[in-house]
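> The chain contents come next:
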Amino acid sequence: MNETQIKTIGIPRGLMAYRNGHLWKKFFENLGFNCIVSGRSSRQLLDAGIERAADETCLPFKIYLGHVMELLGKCDVIFVPRMGGFTSREKMCTRYESLPDLIYNIFKDEQIRILSVSYDWDTPVKESGVFLELGQKLECKRRDVKKAYAAAKKYQEQILKEREKRQEDLLNESHIKILMAGHPYVLHDAYMGRELERIFKNLGASVLFTDYVSREAAVKRSYHFSQNMPWLINREITGGILLNRSKVDGIVLVSAYPCGPDALVNDMLVRKIKDVPLLQLTLDAQNGTAGLETRIESFMDIIQYQKAGGYGNQH
Amino acid sequence: MKEKAYIGIDIGSISTKGVVIDQNNTFLAESYLWTQGNPTQATKDVLHALKEQIDTEKYQIVAAGTTGSARKLIGTMIGAQVIKNEITAHAVGTTTLHPDVRTILEIGGQDSKIICVENGVATDYAMNTLCAAGTGAFLSSQAHRLGVDVEEFGAIALKAKNAAPIAARCTVFAESDLVHKLQVGYPREEIIAGLCKAVAGNYLNNVAKGKKIVPPVVFQGGVSKNAGVVKMFEEALSMPVTVDEKGHLMGAFGIAVLARESGVFAPFSFDVADMDFITKEITCGKCANHCEIICVYRDADLIDAWGNRCEKGRITA
Chain H
1 MNETQIKTIG IPRGLMAYRN GHLWKKFFEN LGFNCIVSGR SSRQLLDAGI
51 ERAADETCLP FKIYLGHVME LLGKCDVIFV PRMGGFTSRE KMCTRYESLP
101 DLIYNIFKDE QIRILSVSYD WDTPVKESGV FLELGQKLEC KRRDVKKAYA
151 AAKKYQEQIL KEREKRQEDL LNESHIKILM AGHPYVLHDA YMGRELERIF
201 KNLGASVLFT DYVSREAAVK RSYHFSQNMP WLINREITGG ILLNRSKVDG
251 IVLVSAYPCG PDALVNDMLV RKIKDVPLLQ LTLDAQNGTA GLETRIESFM
301 DIIQYQKAGG YGNQH
Chain D
1 MKEKAYIGID IGSISTKGVV IDQNNTFLAE SYLWTQGNPT QATKDVLHAL
51 KEQIDTEKYQ IVAAGTTGSA RKLIGTMIGA QVIKNEITAH AVGTTTLHPD
101 VRTILEIGGQ DSKIICVENG VATDYAMNTL CAAGTGAFLS SQAHRLGVDV
151 EEFGAIALKA KNAAPIAARC TVFAESDLVH KLQVGYPREE IIAGLCKAVA
201 GNYLNNVAKG KKIVPPVVFQ GGVSKNAGVV KMFEEALSMP VTVDEKGHLM
251 GAFGIAVLAR ESGVFAPFSF DVADMDFITK EITCGKCANH CEIICVYRDA
301 DLIDAWGNRC EKGRITA
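For the record, the sequence lines run as chains H and D.
Those letters in the first sequence? Residues 1 to 315, by UniProt numbering.
Those letters in the second sequence? Residues 1 to 317, by UniProt numbering.
Hints may contain errors.
[As the list claims (entries may be wrong)] Below, computed lysine to aspartate or glutamate pairings styled on EDC-like, alpha-carbon distance capped at 16 Å: (1) H:K274 / D:E292; (2) H:K272 / D:D124; (3) H:K307 / H:D275; (4) D:K312 / D:E292.
[Stated by the list, open to error] Here are the in silico distance ranges between beta carbons for each label pair: (5) D:P216 / H:R198: 56 to 62 Å; (6) H:K154 / D:P215: 34 to 40 Å; (7) D:E57 / H:A308: 33 to 39 Å; (8) D:N205 / H:E29: 52 to 58 Å; (9) H:E133 / D:N119: 55 to 61 Å; (10) D:A167 / H:I36: 48 to 54 Å; (11) H:A285 / D:E281: 16 to 22 Å; (12) H:N105 / D:N119: 32 to 38 Å; (13) D:C170 / H:R142: 32 to 38 Å.
It is worth saying that the hints were derived from the structure and are not from the lab.
By construction, the Cβ of each residue, glycine as well, lies at the ideal position given by its N, Cα and C atoms.
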């Protein structure tokens, strides 16, 4: 790969882009590259992804493939990082560890150019080190890379802080407050979590998210729940729930089918969280939202009638 | 002046239920028939049946409610004041008739659910998510294979000394298991008892997984009419299981109670049963989501439309 010819870098709007996308985009832009991010997920994009994916992979991965396809021909290289995690108890799902290889093989015929870098949990590297390596791959000067990373990191921190603040403000409102708990790429994808968010809001609820909570505080809190749970994102989700469980009226565990880490962790959460109404929703590639609407409406009824002290039939 | 009455309709995938109640929640009329894939026609038939049973000189229906999977369509059609999900409708109906109930088990034609109740209000629920194994549709198809009417299942199952072990986790496996049991010579009643046991076991291991089943337990939905399944539930739970005589109508009853409580009254006319309703499905092409939008027409006039994910697909009457 001749990195010097790279002018435009494509970022698929899927998977960890929903967690680290701002950092990536700003970093590349600070180094003088153009960045394009694929559009919002849609049925068409999912269908395109499904066609290329193995049947048993998860819905978010199928959607991710759709996003990669949307970028084909529009950029010089597609950024697909290998995200393993930084420590052995704060790892990522194996899907992220293999992501560049999967993308490379799935799109072998298209001969797509992938820009990648590894976040490895088995070697003691910090995030700044990962970005230094990435900058060097792009043949940028070490000093420029350090500066670009520092500025991008600051930018991301600011966005995260603003989100936390907005969420804190929501907690003071009198609406029914629903905490949506799940992987960021499920919660905020237009075809997944945002559909749920829309249904809840139509029913008059305020919606909060587990990823709009300080990541550090959430991860720290998750160790009260489990010492040996190996997944970073599930730690952030768990911590986000524990820090807010007493402040919200209901919690919805949103998972996309099939998710291995969620299957284990959510089952444990359901068994341990007994003081707040809790709903488990699993999203799949099915068309239509009627089933979801019934489930959400029933859940909202449970919360509202409980608050009201019962149905009118008792007097 | 006429006495006030309230109508509730529960349109499920397999059956459509309707009731009319008075001010004191007393049943004035009831109807239960097969949806047969046509919720509009089934509702019209239910309305005709209800109309014949009530004294229109004495009662005036002032509020209507719909529930079940076709609640929105039928609610629009009959101009219902209350359109609510079946979980709430069942919880309200059951707690009205059984104020002390703590757990509601429900097995219908194509789905099943559990509702946990505390102090007369639902606190938690679960619905089957993956398939129809162990529901009424499953029992009907197995009854057909055995050449027995599904209505006779309960009585036959109670006669069996033992229940044949049948794997009911999946309909496909259950069916091949059943054939195998027949070939090796199990008596028919033991197989039927086995099916009933499998339905109860499947329900407790799937839908009710992780839920605490606290007595008093009320079991309803079409399958509750099967005495064999009731017995298997009682054995598995080691507690009595109540089946209400009106259990199959509980959703319709609950939504009628909610219509009464809504306080929003407008005279309801059975004339809707004779109007022409047509639904059309359009695939919206205004963005990449291609939403399926359902349009409902009454006597050729568009009265409502839904199914769009965004404003672009909005169609107004």
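> Under the constraints set out in the numbered hints, which ones does this structure not fulfil?
1, 5, 6, 12, 13
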